[in-house]
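Colleague: Listed here are the chains, written in short residue letters.
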Amino acid sequence: MSNCILTMAKWEFYRLKLRFSGRSRFVVLAIVLLAIITSYLVYHQGMVVGKELYTVGVSPESPAITDPRFKVVRLDRDSSRTLLSQRVIDVYLDGKTIISRSDERSQYVSGTLRKHLARQELFSIARRYDLNRAFPLRVEVVTLETPESHLTAGTEPPPAPVAEPEGPSSTSEPAPSPGPPAAGSPTAEINDAEVRQQLDVFESGGLLKVKEALLSKPDVIVPSLTPMPLPLAQVTLVFSYVLPLLLAGVFFASSITEERVNRKLTVLLSAPVSKLQVILGKMFPYLVYSWLAVAVITLIMGGKVWLSLAIFTPVTLLILATYMMVALTYRTFKDLTFFTILVLTAIMAYLVVPALLTGVSDLSYISPLTLAVEMYRGEAVAAKEYFLATAPLYLIFCQALFVGTRLFNEEFLTGFKPMHVKMAEALNFAIDVNHLNLSAFLSSLFLLPLAFTIELLAIVFVHNLSLPLALWILIIISVTIEELAKSVIILVLLKNGAIRGKIETVKLSALSAVGFFSGEKLLLFLALAVLSPSAFTAAVFGAGLLIMPLVLHVVSTCVVGLLTTRLGAKYYPLAIIIGSVIHAAYNLYVIGTLGMP
Amino acid sequence: MNEYVVLLKRELLSLTREKTIILAIMVQLLIASLASVILQGIMAFYDPASIGWGTGVSLRAGFIGEAGSPLPAYLRSKGIIVKPFSELTSAEAAFRDHQIDTILFVPEGQSNVVNMKLILPRTEARRMVILVMLDEPLKEYEDYLRQANGIEVNYKDFGGQPYSGYEFLYSVLIPILMLFPALVAGSIVIDVISEEFENKTLDTLISAPVSGGQVLISKMSAAIIAAVIQLLISTGLLIWNGIVVERLILVLLLAVSFAVAISLGAAIIALWFKDRQRAQFVYSMTLITAGAAGYFLNPSPFELLAKLSSGALDFSVLAVAIYTMLPIAIGLAIFYRSKRLVLAGK
Chain Z
1 MSNCILTMAK WEFYRLKLRF SGRSRFVVLA IVLLAIITSY LVYHQGMVVG
51 KELYTVGVSP ESPAITDPRF KVVRLDRDSS RTLLSQRVID VYLDGKTIIS
101 RSDERSQYVS GTLRKHLARQ ELFSIARRYD LNRAFPLRVE VVTLETPESH
151 LTAGTEPPPA PVAEPEGPSS TSEPAPSPGP PAAGSPTAEI NDAEVRQQLD
201 VFESGGLLKV KEALLSKPDV IVPSLTPMPL PLAQVTLVFS YVLPLLLAGV
251 FFASSITEER VNRKLTVLLS APVSKLQVIL GKMFPYLVYS WLAVAVITLI
301 MGGKVWLSLA IFTPVTLLIL ATYMMVALTY RTFKDLTFFT ILVLTAIMAY
351 LVVPALLTGV SDLSYISPLT LAVEMYRGEA VAAKEYFLAT APLYLIFCQA
401 LFVGTRLFNE EFLTGFKPMH VKMAEALNFA IDVNHLNLSA FLSSLFLLPL
451 AFTIELLAIV FVHNLSLPLA LWILIIISVT IEELAKSVII LVLLKNGAIR
501 GKIETVKLSA LSAVGFFSGE KLLLFLALAV LSPSAFTAAV FGAGLLIMPL
551 VLHVVSTCVV GLLTTRLGAK YYPLAIIIGS VIHAAYNLYV IGTLGMP
Chain X
598 MNEYVVLLKR ELLSLTREKT IILAIMVQLL IASLASVILQ GIMAFYDPAS
648 IGWGTGVSLR AGFIGEAGSP LPAYLRSKGI IVKPFSELTS AEAAFRDHQI
698 DTILFVPEGQ SNVVNMKLIL PRTEARRMVI LVMLDEPLKE YEDYLRQANG
748 IEVNYKDFGG QPYSGYEFLY SVLIPILMLF PALVAGSIVI DVISEEFENK
798 TLDTLISAPV SGGQVLISKM SAAIIAAVIQ LLISTGLLIW NGIVVERLIL
848 VLLLAVSFAV AISLGAAIIA LWFKDRQRAQ FVYSMTLITA GAAGYFLNPS
898 PFELLAKLSS GALDFSVLAV AIYTMLPIAI GLAIFYRSKR LVLAGK
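Heads up: the protein sequence lines correspond to chains Z and X, in order.
Reminder that position 253 of the first sequence reads as 253 in this note's numbering, one-by-one numbering, no gaps.
Each number in this note's numbering corresponds to the 1-based position in the second sequence with 597 added.
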């Protein structure tokens with residue numbers, strides 16, 4: 001079996017080489033090298049965001065401003081007034097005071113300049129005085145368990161040491177207690193080294209180097225040296241890793257589409273290889289390239305190669321799977337371009353947005369990027385965190401492989417039919433007519449990720465709208481999507497005459513609903529096993545809220561199924577509307593009862 | 598000129614028939630929406646109060662320390678409710694009873710260096726909010742101790758939080774939103790040109806009474822029109838979200854000229870390589886190179902967009918002129934020499 005895959009892989013690689021043969025090879029190579037060199041130059045120099053964005057007037061006796069975001073203009077006080085009111089300069093630094101206007105921009109620049117000057121001041125203080133005088137306040141952070149947090153006991157690490165009262169600290173004692181308690185002196189020494197390290201990090205910090213930006217030691221805080229969490233470091237990570245991976249996907253998709261357009265696929269299908277072998281074989285060179293790319297980037301950025309590979313392989317698989325599905329579905333290159341951009345933006349959002357919350361919330365573990373951030377911080381990556389982040393990706397990959405193999409036939413690939421017909425065909429191919437019950441159950445399970453992704457995208461879209469309207473639109477969209485996902489298999493089976501009679505419709509509808517519901521709850525359960533639970537989740541797992549949703553799902557799907565059977569496939573949209581209304585009514589009732597806004 | 602219009606209509610029709618423009622609009626909408634989501638996320642980091650965290654909900658802090666300590670006053674000036682305790686055990690009991698959210702324990706009698714303990718709950722989100730709210734009072738206390746040690750601090754960091762998303766908005770988000778349609782336009786250009794080669798329809802086209810230049814320009818125009826539509830939608834979304842983009846006309850003009858420049862480059866690449874796969878690859882690589890190289894220009898295109906859109910008056914008018922005029926000039930030059938280009942492409 002693996003021989004066939006390797007042969008396919010070799011052939012794919014050979015085709016790729018052919019593409020870039022001849023004169024153009026050198027041009028292409030030159031451009032690639034140029035791209036790599038210029039990118040590296042920018043990385044090495046450190047990207048400054050907002051170079052010379054602000055214009056600051058300074059008086060002769062003001063300190064030097066070294067931050068590249070500020071453009072410095074030397075002025076005397078009189079001309080400064082005019083220039084400030086004319087908005088040529090944003091603020092005026094007069095020795096120790098910052099003079100600004102009242103508009104937003106001037107206020108913002110004033111605050112930013114003040115931050116910068118305070119920082120410079122801090123370094124100068126650190127240079128002139130010894131650490132004890134310069135940083136006299138050391139705050140040790142201690143975590144105290146409260147009874148509520150014991151609900152998480154099953155999944156949380158052992159509780160942190162509880163603070164102990166150290167020596168007499170009653171205010172009634174007139175004589176000063178013998179300094180900080182015994183624990184204090186060793187603490188002072190430790191803290192000095194700690195302060196030194198924090199100072200170093202603070203000095204070298206900024207948006208520039210990813211590693212330093214990600215370091216943080218929350219156990220001891222020196223207030224003036226507190227690093228701000230820098231989510232932009234995560235975004236840098238995305239671009240460094242994910243962009244090269246996307247490149248692999250682009251080539252992969254082009255290759256498939258090109259073979260479709262040139263009708264070479266027929267030839268491929270007549271070869272004595274299974275479709276799975278064809279797909280895996282075609283994917284393999286791109287997978288190998290991705291591994292190489294990840295390894296090289298990790299080496300440059302100073303991480304652990306094996307861990308990076310473990311983290312980014314599922315990401316690669318997701319990208320390849322996505323590109324494959326889009327390439328199999330869309331017939332023209334123009335469509336391919338746009339749908340891939342659409343899907344990729346969604347993927348990037350899925351990777352970046354949760355990762356922005358690294359260290360802030362456990363929700364960040366939805367994205368495998370968070371694991372990469374932890375790796376660069378030198379923190380250990382827990383097995384269950386890895387599982388939560390990557391399991392969905394592996395699952396989607398397997399799913400895509402399954403559907404892809406079923407779709408990889410001449411009829412589906414060479415037809416030129418409208419989209420909804422193609423989707424129905426796709427489902428048709430995916431279903432096994434001999435196991436209707438199982439198919440009904442599994443199909444909604446399979447469509448679940450797609451439905452959820454669309455709902456997530458809907459959330460992003462309605463974000464722009466004001467609250468009551470946004471909520472309504474969200475409910476309508478999510479309800480309709482869910483009903484569609486659950487009932488579309490019924491429609492397909494009806495059209496093929498595979499279902500006879502209302503009883504069978506009801507049975508299959510119910511199975512489909514149960515499949516969907518199980519998938520939903522399973523997802524929730526898996527996610528919550530890692531995420532910190534809250535009152536909300538307690539409510540969700542309360543007995544009442546398990547039966548009711550199930551009943552609802554079954555009812556709404558059966559309604560849709562029956563209506564379609566009775567009235568005919570043409571009335572499917574109407575059936576969906578009615579089913580959605582039932583579903584929406586239930587949702588609104590729940591929201592009303594729970595008292596959410 | 599008439600032929601140009603006919604060709605242009607044909608191109609636009611083909612884009613709409615394949616729903617390409619609609620898809621482009623959807624992508625732009627998605628990116629613009631995502632941008633505002635990310636922006637709010639960033640604001641939440643630097644300034645939770647800006648999104649309503651901590652406002653209307655007062656933080657209750659337990660304090661154990663000297664009677665004359667200035668720290669409680671600093672805390673109270675930030676709207677934090679301070680409850681004094683005489684010793685740690687009673688404070689901890691109150692903490693467990695949820696009567697207070699955090700404990701600040703400053704052991705007495707420390708002289709030069711003050712080691713204090715800060716007790717926080719386990720929940721990550723709450724720790725974050727508490728830490729951000731305590732940030733300024735602790736810094737003020739630190740400065741007080743510095744002064745007691747004889748150090749004069751000239752510039753203090755605290756006092757009025759600026760809107761932290763400002764920089765990210767104008768120097769990252771808006772340039773991305775303005776440049777993205779240009780990238781898409783280039784991609785469309787490559788697709789439509791290479792498809793003429795691959796479908797072998799170029800011969801038919803050339804036999805028509807139109808010049809190669811007109812064909813090229815019509816294709817690029819269609820792509821640029823799609824870019825303009827995307828830009829308008831982005832701008833509309835930004836304005837709807839209450840984000841002010843200053844000097845809108847100039848910013849849009851700049852964005853359109855980038856679209857023109859990138860479309861030109863894409864056309865050249867497509868004509869040279871003729872097949873879509875290689876052309877798209879070289880196009881992406883060229884974009885990366887140009888983007889990185891642009892960073893070294895002074896001012897770089899991103900800087901210029903950031904400055905213009907944020908309302909800075911101090912920008913180089915010359916740079917704006919060059920960035921807008923140059924692509925158009927090159928475009929016209931190509932238009933006049935295009936017949937030779939297209940024939941060479943055969």
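It should be emphasised that the hints constitute simulated quantities derived from the structure, not laboratory data.
Watch out, some of these pointers could steer you wrong.
Said to hold, decoys possible - Under the rule of at most 27 angstroms between Cα atoms (straight-line distance), these lysine-lysine pairs were calculated in the DSSO-like manner:
no., chain 1, residue 1, chain 2, residue 2
1, X, K871, Z, K96
2, Z, K71, X, K753
3, X, K675, Z, K96
4, Z, K264, Z, K495
5, Z, K570, Z, K422
6, Z, K51, Z, K115
7, Z, K10, X, K680
8, X, K736, X, K753
9, X, K753, Z, K51
10, Z, K264, X, K675
11, X, K753, Z, K115
12, Z, K71, Z, K51
13, X, K736, X, K680
14, X, K680, Z, K264
15, Z, K17, X, K753
16, X, K871, Z, K17
17, Z, K521, Z, K384
18, Z, K115, X, K871
19, X, K797, Z, K115
20, Z, K17, Z, K384
21, Z, K422, Z, K304
22, X, K753, Z, K96
23, Z, K521, Z, K422
24, Z, K495, Z, K521
25, Z, K17, Z, K275
As the list claims (entries may be wrong) - Computed far set for chain Z versus chain X, every beta-carbon distance over 12 angstroms:
no., residue
26, V27
27, A30
28, R105
29, R128
30, A349
31, N434
32, G497
33, I547
34, Y571
To be verified - Listing some non-contacts, in silico: residues in chain Z with all C-beta distances to chain X over 12 angstroms:
no., residue
35, A35
36, P60
37, K71
38, L83
39, A118
40, I125
No residue lacks a Cβ here, since even glycine has one placed at the ideal position from N, Cα and C.
Colleague: Let me make sure I understand: some of the numbered hints might not hold for this structure. Which ones are they, in numerical order?
Modeller: 1, 4, 7, 10, 14, 15, 18, 19, 20, 21, 23, 24, 26, 27, 28, 29, 30, 35, 37, 38, 39, 40
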